[in-house]
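Undergrad: Chain A is already provided as a structure; the job is to place chain B on it using the hints.
Protein chains: 2
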Amino acid sequence: MTYCVGVLLNEGIVFASDSRTHAGVDNFAQFCKMSVFERAGDRVIVLLSSGNLAGTQAVITTLRQRAAADDGQPNLFSVGTMFDCLTLVADAVRDLERRDGPHLQKSAISFDASFIVGGQIKGDSPRLFRTYAEGNFIEASPETLFLQTGEAKYGKPILDRVITPTTSLSDATKCVLVSFDSTMRSNLSVGMPIDLLRYEANALKVTHRRRFESGNEEFSKLSRHWSDGVRSVFRTLPDVEW
Amino acid sequence: MTYCVGVLLNEGIVFASDSRTHAGVDNFAQFCKMSVFERAGDRVIVLLSSGNLAGTQAVITTLRQRAAADDGQPNLFSVGTMFDCLTLVADAVRDLERRDGPHLQKSAISFDASFIVGGQIKGDSPRLFRTYAEGNFIEASPETLFLQTGEAKYGKPILDRVITPTTSLSDATKCVLVSFDSTMRSNLSVGMPIDLLRYEANALKVTHRRRFESGNEEFSKLSRHWSDGVRSVFRTLPDVEW
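Chains A and B, in that order, are what the protein sequence lines are. Just so you know, we're using our numbering here: the first sequence kicks off at 36 and counts up by one. Just so you know, we're using our numbering here: the second sequence kicks off at 36 and counts up by one.
Hints are computed from structural coordinates only; laboratory data are not their basis. Warning: the hint list may mix true and false statements.
Same chains, same label: a pair holds when it works inside one copy or across any pair of copies.
[What the hints assert, rightly or not] Below, simulated EDC-like cross-link-like pairs (lysine to aspartate or glutamate); rule was C-alpha separation at most 20 Å, straight line:
hint, residue 1, residue 2
1, K240, E186
2, K157, D119
3, K256, D274
4, K240, E276
5, K256, D195
6, K256, E276
7, K240, D263
Chain A on its own, in the form it takes in the complex:
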């Protein structure tokens, strides 16, 4: 499993992904699921990967190779809108599904690669999408500002409560980290490190990116402060009337 979140705000976008991959409980490993395509002053495109690792790595590498080829074909650095970027991601997913899918089917496994994709291309506003395993995709809207993939349930309620279009990038970042902490307490298949990227609208470059390693003291402190804070909120709520 995996947990990835993208949150679209007036101030920009917050992206976060965990790093655990596994094939059964006795075979887990650590891989970064955050990929960035950046040309400062022109575009920042961030992809967060969910699914079978072989599939998601192949899609990302294919997108990188196609961008590097610069052969006149559309690629993530040449297209003019985020929507067009998403169609390129979908094309790569479907190309690889065609190649690998039949072989996986022999073992009753389906090709499974889905992505949260967001960012900004000069001339357009910041936008946020998620793709499904079939390559089709949806875009975040004012009614649904955050998109999740993987083990989404544990971490959703706090995002539901807190995120509005005017939430600051700073508050949304803390909220996303709490959402990860809540998920990791209950699901062993989601694990540190957490990759975090805060994109500021119209920056057109990556200014804030960091990783929280396992045991990170700042992360642990945030978790403790949060738990203390919510317990204090309960004490201030009116008691139930019987």
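TA: For chain B alone, coordinates are given in the frame of chain A:
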């Protein structure tokens, strides 16, 4: 789906259940999933039902009929411990599974009835259990103070953060209601009314029970206050260092 929770505290036990049943999105209804066996001064036993409605109703009715028969066979009013109560629940589940199971199998449906069962019998302390569809069961312990059935994931993180053995019944009750609110925001198969029972240790009778109907103003206010409270907690947390 369903959502039921029992929380075991030093001060007593909080029980809550939703009321929605459904067979597809185009066929949903409302049934109380909380059943109480009470003999004031001697015992209070609360059952919260999850599973196929025909199965859970049959189990509860069988337990009631066996208790009323008073035929020398052990029943929920005659046995001396909560553990023995749980074996009676398991027996009823298995009796009905034997009767209905083969008929359900013809439609590829399995007999599915599980329960959160808690309460207190004179001479014993308050105890809390949950049964599985097979009739086997587990008991809450100091490391795991709350037990959930049904759509448990959305509502778990807040219980994880707040509940300790010394949490007051009052705070735990509010926490359980927030846990329900968080779940109902994301899963249409969990719905109001919410049945709530607060059992005070050694009371040996039901002193606090109520129902929150859909649109209840107190419930809506609790939800709003909670959302406001957690947003204010985020503003007090230290910002992430980049």
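Undergrad: Next step is simple, just say for each hint if it's right about the structure.
TA: Here is what the structure says about each hint:
no.	hint	result
1	K240 - E186	neither (29 Å within a copy, 41 Å between copies)
2	K157 - D119	within (14 Å within a copy, 70 Å between copies)
3	K256 - D274	between (29 Å within a copy, 11 Å between copies)
4	K240 - E276	between (53 Å within a copy, 19 Å between copies)
5	K256 - D195	between (23 Å within a copy, 16 Å between copies)
6	K256 - E276	between (35 Å within a copy, 13 Å between copies)
7	K240 - D263	neither (36 Å within a copy, 33 Å between copies)
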